[in-house]
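There are 2 protein chains.
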Amino acid sequence: MSVIPASLARVIEAFGQLPGVGPRTAERYGYYLLRADPMKAKEITEALTKLHQSVSYCPKTFALIESGQKLSPLYTNPKRDKQIVAVVADPFDIMALEKTNSFFGTYHVLGGLVSPIEGIGPDDLHIAELLKRIDEDNVKELILATNAGVEGESTALLLTQAVESKKVKVTRLARGLPVGVDLEYADQITLTRALEGRQTL
Amino acid sequence: MSVIPASLARVIEAFGQLPGVGPRTAERYGYYLLRADPMKAKEITEALTKLHQSVSYCPKTFALIESGQKLSPLYTNPKRDKQIVAVVADPFDIMALEKTNSFFGTYHVLGGLVSPIEGIGPDDLHIAELLKRIDEDNVKELILATNAGVEGESTALLLTQAVESKKVKVTRLARGLPVGVDLEYADQITLTRALEGRQTL
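Quick note, the sequences are listed as chains Z and X, same order. Per our numbering, residue 1 is the first one in the first sequence, and the count goes up by one each step. Per our numbering, residue 1 is the first one in the second sequence, and the count goes up by one each step.
You may find that some hints are simply not true.
For chains that are exact copies, the list does not tell them apart, and a pair is met inside one copy or across any two.
[Claimed, not checked] Dumping the calculated DSSO-like pairs for lysine-lysine here, alpha-carbon to alpha-carbon at most 30 angstroms:
{"no.": "1", "residue 1": "Lys169", "residue 2": "Lys40"}
{"no.": "2", "residue 1": "Lys166", "residue 2": "Lys70"}
{"no.": "3", "residue 1": "Lys169", "residue 2": "Lys132"}
{"no.": "4", "residue 1": "Lys50", "residue 2": "Lys40"}
{"no.": "5", "residue 1": "Lys40", "residue 2": "Lys70"}
{"no.": "6", "residue 1": "Lys70", "residue 2": "Lys99"}
{"no.": "7", "residue 1": "Lys99", "residue 2": "Lys140"}
{"no.": "8", "residue 1": "Lys167", "residue 2": "Lys140"}
{"no.": "9", "residue 1": "Lys40", "residue 2": "Lys132"}
{"no.": "10", "residue 1": "Lys140", "residue 2": "Lys70"}
{"no.": "11", "residue 1": "Lys166", "residue 2": "Lys79"}
{"no.": "12", "residue 1": "Lys40", "residue 2": "Lys79"}
Calculated directly from the structure, the hints in this document are not laboratory data.
Using the sequences plus the hints, can you model the full thing?
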């Protein structure tokens, strides 16, 4: 005889599939929802039911859009410069850049980074669509905004090679010391990059 | 204009209500489910929908039971000794004790621990029902299996006083060194308890 009621066990199992959620955490979520107002569980189920129905990808930029939208408003907005394209790995990277309030170009989501370990090759990314956009929108600058890890770097290199024949300026986000971090706490690679990218005052 | 589609934002907000889940983690869950097979989101919604419908509390022991069951099988099972009752704070504590495979009495769930900070007083716990059970089932031993923190200790003290007039032996789980922990890493209170509870070989 099981000590946990089957329906609670099922909730725990379902939560256990979320990234980074182990059996203990899943138990905690399940038990919390059981004790809490049933409205909380209902909020989650209602939100999840609509998730896949009403979110899709912009066919041009691969940013997330609402169902009903044809293209991402970040692309169609006339105030955004279509000739400057920030290339990011995931739709959520767009959020991070938008929060800066200092980028007014458009975005292109690759849908991941090249990763031999995870079996993600160049053909799994939206590179062909990017090349097409460069021609169609007469793109002048491509800002490679992939992260600073191995996969981000190799994807950036791959993209640089892919657009070599096009007349487009390729830039990347500066690497260096994050604001507020002491020199002594910076890792060697970051410090090396900060030295390489030093600027004249 | 929001960068995240409204339906995804709603999922993130709903997950953010789970204990210990901050905005970043909620975003991670939401985005993971969006990219994953829609079946995963469906598994969670289906499990959650049935949660409150099919789980309830045993009116005798306050353990979790399936709908359709009148009493907890851990109570009705004739192999379990109704005269020995382990008193625990939460239904999940039963799981931990059952995993030991070395307890064959029955359980009584208090539904929490006395906590002035959280506003939980003796009247919020299932103490009256425990006193009734002691008489009805002619309980001989009450094992106080509350945890070793301040709230567990004060609840244990409260229970000891509450059953003082009854002819029932009150015991509590031994405090001491956990198996596999080096003496030098044990905290002072645990070590003090281990000394106090030392046993003759």
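We went through each hint and held it up to the structure:
{"no.": "1", "hint": "Lys169 / Lys40", "in the structure": "neither (50 angstroms within a copy, 42 angstroms between copies)"}
{"no.": "2", "hint": "Lys166 / Lys70", "in the structure": "within (28 angstroms within a copy, 74 angstroms between copies)"}
{"no.": "3", "hint": "Lys169 / Lys132", "in the structure": "within (16 angstroms within a copy, 81 angstroms between copies)"}
{"no.": "4", "hint": "Lys50 / Lys40", "in the structure": "both (16 angstroms within a copy, 13 angstroms between copies)"}
{"no.": "5", "hint": "Lys40 / Lys70", "in the structure": "between (33 angstroms within a copy, 26 angstroms between copies)"}
{"no.": "6", "hint": "Lys70 / Lys99", "in the structure": "within (24 angstroms within a copy, 55 angstroms between copies)"}
{"no.": "7", "hint": "Lys99 / Lys140", "in the structure": "within (24 angstroms within a copy, 65 angstroms between copies)"}
{"no.": "8", "hint": "Lys167 / Lys140", "in the structure": "within (7 angstroms within a copy, 88 angstroms between copies)"}
{"no.": "9", "hint": "Lys40 / Lys132", "in the structure": "neither (45 angstroms within a copy, 34 angstroms between copies)"}
{"no.": "10", "hint": "Lys140 / Lys70", "in the structure": "within (25 angstroms within a copy, 72 angstroms between copies)"}
{"no.": "11", "hint": "Lys166 / Lys79", "in the structure": "within (25 angstroms within a copy, 80 angstroms between copies)"}
{"no.": "12", "hint": "Lys40 / Lys79", "in the structure": "neither (40 angstroms within a copy, 38 angstroms between copies)"}
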